[in-house]
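The residues making up each chain are set out below.
Protein chains: 2
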Amino acid sequence: MVVEVLRLGHREKRDERITTHVCLVARALGAEKIYITGENADNSIESVRKLCAKWGGNFSAEWKATWEPVVNRWKKKGKVVHLTMYGEQVQKKIGALKKEKNVLVVVGGEKVPAEMYKMADYNISVTTQPHSEVAALAVFLDRYFSGKELEKKFPKAKIKIVPQTNGKQVIPLK
Amino acid sequence: MVVEVLRLGHREKRDERITTHVCLVARALGAEKIYITGENADNSIESVRKLCAKWGGNFSAEWKATWEPVVNRWKKKGKVVHLTMYGEQVQKKIGALKKEKNVLVVVGGEKVPAEMYKMADYNISVTTQPHSEVAALAVFLDRYFSGKELEKKFPKAKIKIVPQTNGKQVIPLK
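Respectively, the protein sequence lines represent chains A and B.
Its first residue numbered 1, the first sequence is counted upward by one per residue in the numbering used here.
Its first residue numbered 1, the second sequence is counted upward by one per residue in the numbering used here.
Because the hints were derived from the structure by calculation, they are not lab data.
Misleading hints may appear alongside valid ones.
It does not matter which identical chain is used: a pair holds within one copy or between any two.
Straight line, CA to CA, 30 Å or less: simulated DSBU-like cross-link-like pairs of lysine-lysine [to be verified]:
1. K152 to K92
2. K174 to K101
3. K98 to K148
4. K13 to K98
5. K118 to K54
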């Protein structure tokens, strides 16, 4: 069971923080890798690399010049789920989606090429309202993994949070 | 049953898009209002206002100079749920939280004052990993509303999406 994420159409200046959030959500909620296409994403990738060194896990982030080869390669080993507010409602399709073992979750930027809708095995909406690719990805992963991603362990972490009713507790790990 | 959101510590330049995403997620996933504190948030508020005029609903966004009065007023009519990666795990507390009828969901920026942790009725984490306030808010609302928010209607909308397996269909409404 492998879940990876593809973030389309990154714009270097405008999208840096949003793309970083997309990466961190992918990692925290159980995906193993993110591909970023579009403009230079070095800053987001470097933020994620530093965070992984501290917080652990095997997540990776990679920039790709074009998205089509990523999608085409994926279609040989699993399904491609494109999150878009125009797609079928997640609450109606999640049962079928959970049966798919290997999934590439695609989230767009401002303009997603029409070709993406055609190449996707599923076009899925999280609400049919405009909001955020960060949120759509989070809700999708939480539902796809049935909440089990919240228990995910991150090997080789240097620090770990101990949940508190009030305040912060962070402990070092060996 | 009223859910509102408080976005703490907005920074005018750096946070504009993230704050806008927080607002749109609040709206799309069932909250009725957002309060924004910190620096000038006119651009985010204007984006939300325009979007609501087109997509409908009664959501509102308001800038407030300080967060304490918003929280203090809320504590008279409901509970304050502060989302923080240091808090108790959402999967363990959601049962209790669903029994709360009126909830103010607080999401922070970079530095949340220690006072916020103390004033909150609940400090709740969505994973104990660093990721995104946009994602934490989305997962929290989806779980709090048990997915019913995905069926929310938005009165007075000028347009509406008709979910499609492939492509886009947007219809005008009277």
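Hint by hint, here is what the structure shows:
With identical chains, the CA atoms of K152 and K92 are at most 30 Å apart both within one copy (26 Å) and between copies (15 Å). Taking the shortest alpha-carbon separations for K174 and K101, neither the intra-copy value of 33 Å nor the inter-copy value of 43 Å comes in at or below 30 Å. Taking CA atoms no more than 30 Å apart as the test, K98 paired with K148 passes in both settings, with 13 Å inside one copy and 20 Å between copies. For a Cα distance limit of 30 Å, the shortest separation of K13 from K98 qualifies neither inside one copy, at 36 Å, nor across copies, at 40 Å.
Within a single copy, K118 and K54 get their C-alpha atoms only as close as 39 Å, which misses the 30 Å cut-off; across copies the closest is 28 Å, which meets it.
Against the hints set out earlier in the document, violations occur for numbers 2 and 4.
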